[in-house]
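Peer 1: If you want the building blocks of each chain, they are given just below.
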Amino acid sequence: MSGEASKTISNAVLWGGGRSPLSLSYGKMMIWFFLVSDALTFSGLLAAYGFARHSLAPGMEWPVGDIVFSSFPGLSGSYPLMYVALMTFILIISSVTMVLAVEAGHRMDKKGVVKWLFLTVIGGLFFVGSQAFERAHFIHGANPRVTLADGRTAFVVDGHHGEIDPATFALAMGSVQSEEVVRGPEAHALYENAITVVSGANMTENEYGPPAYANFFFFITGFHGFHVSTGIVLNIVVLSMAIKGVFHRRGHYEMVEKAGLYWHFVDLVWVFVFTFFYLV
Amino acid sequence: MERDDIIEYSLDAGHSEEQGRVIRKKIYFVTILLSAITTVEVLLGVFWMDFMPNAWHWVKWVFIVLTMVKAAYIVMTFMHLGDERRNIRSMILLPYVLFLIYIAYILIWEATYIQNVLKIFL
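Which chain is which? The protein sequence lines are A and B, in order.
Under this note's numbering, the first sequence is numbered contiguously, ending at residue 280.
Under this note's numbering, the second sequence is numbered contiguously, ending at residue 1122.
There may be inaccurate statements among the hints.
[Unchecked claim] Here are some of the chain B residues that sit facing chain A, going by a computed Cβ distance under 10 Å:
# : residue
1 : Glu1017
2 : Asn1054
3 : Thr1077
4 : Glu1084
5 : Tyr1113
Worth flagging that the hints you see were computed from the coordinates, not collected in a lab.
Each residue gets a CB set at the ideal place from its N, CA and C atoms; glycine is no exception.
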């Protein structure tokens, strides 16, 4: 079986290694390949989420994003999706500061790189902190779901913070935003005689909807948050290298570009998670 | 053997202050665009029920299309894939996009089948 292997290739066409035909350095190309594989992982998770929603058993209802996520840290009252929108905005801005750091690196502007990279780290830390708040609030819950003695579903909408006060107690029938609200001692009596009360979220059930809802929320946002955290660590490492002048001595800031690719990927995934989990 | 992790191939490496200003303007433009699209998405998400109670199907598709637009801008301008050579751009985008279309189609198909089965038996 000699065939092709025994034919000599002329030196004119033989590639001697060296300059990449893709015009990419090895490191950047491998980052891209890693990003494709990670994108496939997240796509798998989102596909599973889509499958769970589309194959939902009749009678079960998937919760609506702007009802579940309506809290804002430091404010009482309902601000549907506001905090998540702020988180998305901050992450996009941190992506912008990252691309500005890359651009500064192309001009060998060390001070610019350090400034923009530092702002990117701050944006990332804000995002991770916000994610922690969101998850804590999700676990704590806002409107416990009550299954009444006659089988109806109701949600506690008032009077359950701190000591339960029968006078201000209120139950909304059917859904959290329902117009039909029972108040006062009558509501409290229904609550006391209820079959089950589900408050917040845990490993088996949650007050918002099917157990799968909490499972997917924690897994997808947690996996994404894990990526953000490692991205922040990577950015801090690259920042310290930039401050020490490693890249300036090397003659190029390509490491900043590679870290930037990972950070943009994290932002990109968040754009999709935000759409498919919170909006749709 | 030359170390190829320290060769810089970047297409706009070593650009001048003037070129930098042009590039930065483009970055700011894309930033404003992305922020505007996100604002539209959030406002639509919060207020659609008050204005167009029966339009959920269209609202959902507007969300998905706007997200695709955002993703395209992030990949092409922030990740500079638009500045790369066509061969590497195709190597990264084509397999992923084709596979994603396939997966999305299969999951919707199978999930609706499962739901129809559940509707019969539950």
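Peer 1: It remains to establish, for every hint, whether it holds in the given structure.
Peer 2: Now for the hints, and whether the structure bears them out:
1. Using the Cβ-Cβ criterion of 10 Å, the hint placing B:Glu1017 at the interface with chain A is satisfied: the shortest such distance is roughly 7 Å.
2. Contact between B:Asn1054 and chain A, as hinted, is not supported at the beta carbon level, the nearest pair being about 16 Å apart and thus beyond 10 Å.
3. Annotation: B:Thr1077 was flagged as interfacial toward chain A, and the flag holds, the nearest CB pair being 8 Å apart, inside 10 Å.
4. At a threshold of 10 Å, the smallest CB-CB gap from B:Glu1084 to chain A is about 7 Å, leaving the interface hint in force.
5. Look at B:Tyr1113: its Cβ gets to within about 8 Å of chain A, closer than 10 Å, so that hint holds up.
The structure is inconsistent with hint 2 alone, although it conforms to all the rest.
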